[in-house]
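On the provided structure of chain G, position chain A as indicated by the hints.
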Amino acid sequence: GQQLNQSPQSMFIQEGEDVSMNCTSSSIFNTWLWYKQDPGEGPVLLIALYKAGELTSNGRLTAQFGITRKDSFLNISASIPSDVGIYFCAGPPPGRDDKIIFGKGTRLHILP
Amino acid sequence: GAVVSQHPSWVICKSGTSVKIECRSLDFQATTMFWYRQFPKQSLMLMATSNEGSKATYEQGVEKDKFLINHASLTLSTLTVTSAHPEDSSFYICSASYGNQPQHFGDGTRLSIL
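Protein chains in written order, with our numbering: chain G, 42 to 153; chain A, 333 to 446.
Check before you lean on any hint, since a few could be wrong.
Said to hold, decoys possible - In silico DSS-like pairs for lysine-lysine, Cα to Cα no more than 25 Å straight-line:
hint, chain 1, residue 1, chain 2, residue 2
1, A, K346, A, K398
2, G, K140, A, K373
3, A, K373, A, K398
4, G, K140, G, K111
5, G, K140, A, K398
6, A, K396, G, K140
7, A, K352, A, K396
8, A, K346, G, K140
9, A, K373, G, K145
10, G, K140, A, K352
What the hints assert, rightly or not - Output of the computed footprint for chain G on chain A, the stretches with three or more beta carbons under 8 Å from beta carbons of chain G:
hint, segment
11, 365 to 375
12, 433 to 445
Said to hold, decoys possible - Simulated DEER-style distance windows between Cβ atoms:
hint, chain 1, residue 1, chain 2, residue 2, range
13, G, I121, A, E384, 36 to 44 Å
14, G, V125, A, M377, 19 to 27 Å
15, G, P135, A, Y430, 34 to 42 Å
16, A, K352, G, P80, 38 to 46 Å
Hints are computed from structural coordinates only; laboratory data are not their basis. Backbone N, C-alpha and C fix where the C-beta goes; we use that ideal spot for every residue, glycine too.
One chain only, chain G, in its complex shape (with noise of 0.2 Å):
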């Protein structure tokens, strides 16, 4: 079935460093969303992008959407111990604007 490919699977980093993390697809989507997961919590929407070439900001989160429609980004900058967590790529599969599938997740981890 239809997948999306995040990369990288978990990231430890250094408090205050700027975080890098993709999401692709063999496939063209139309929207590409940016969630969040805490543990034991539900998914919280960071950001969502409907056009080819957007580039979105939510204070210091950054995401694109790839020109090719078949790839995204997300970029923390300065990041802080709260960013930990879950980051999860998600997006309606081709000819399915009812539902969407997720990516298997970036795990960041900030170091002490």
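Showing chain A alone in chain G's frame:
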């Protein structure tokens, strides 16, 4: 805005019992609600999609008689896990959306079957 409440947050029960989980959109009317299951260290897997007043659409491999979904109003959907067994233990998460807006998620229900 866009708050989705899920209840209970945690339930432990004996094998063979049925468990009901509620999902409510608190500040908007949800035209569609979704139910997901998430196993430890894995991604969210869609189980079913429900629209108010109509039967739920289940994903391939999800037993509709095992996971009963009711979407009685624009703000409430329930998932009942019937005759639950240990392999049904998981984190169940609902989400709700209005029209083509992105889904907003509840905080999940951790189900443990003994």
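- prompt: Is 19 to 27 Å right for how far apart the beta carbons of V125/G and M377/A are?
  reply: With Cβ atoms ~24 Å apart, the hint holds.
query: Is the straight-line distance between the alpha-carbon of K140/G and that of K352/A 25 Å or less?
result: holds (23 Å)
- prompt: Quick one: are K352/A and P80/G within 38 to 46 Å, going by C-beta?
  reply: violated (25 Å)
field: Satisfaction of the hinted span 34 to 42 Å by the C-beta atoms belonging to P135/G and Y430/A
entry: violated (23 Å)
message: For a C-alpha distance cap of 25 Å, please report whether K373/A and K145/G respect it.
response: This hinted pair holds, its Cα atoms lying about 9 Å apart.
task: Would you mind confirming whether the straight-line C-alpha gap from K140/G to K398/A stays at or under 25 Å?
output: With Cα atoms ~21 Å apart, K140/G and K398/A stay inside 25 Å; holds.
query: Regarding the pair K346/A and K398/A, is the alpha-carbon distance no greater than 25 Å?
result: Between K346/A and K398/A the Cα gap is close to 16 Å, so the pair holds against 25 Å.
- request: Below or equal to 25 Å on CA atoms is what counts here, so check K373/A against K398/A.
  value: holds (24 Å)
- prompt: Can the segment 365 to 375 of chain A be counted as covered by chain G under the rule of three residues or more with Cβ-Cβ separation shorter than 8 Å?
  reply: Answer holds; 3 residues pass the 8 Å Cβ test.
message: Can you confirm whether the C-alpha distance between K140/G and K111/G stays at or below 25 Å?
response: holds (18 Å)
message: Against the 25 Å threshold, does the CA-CA distance of K140/G and K373/A hold or violate the hint?
response: The hint holds at about 22 Å.
- prompt: Hey, K396/A versus K140/G, does the alpha-carbon distance stay inside 25 Å?
  reply: Holds: K396/A and K140/G sit about 18 Å apart, inside 25 Å.
The earlier numbered hints that this structure contradicts are 8, 15, 16.
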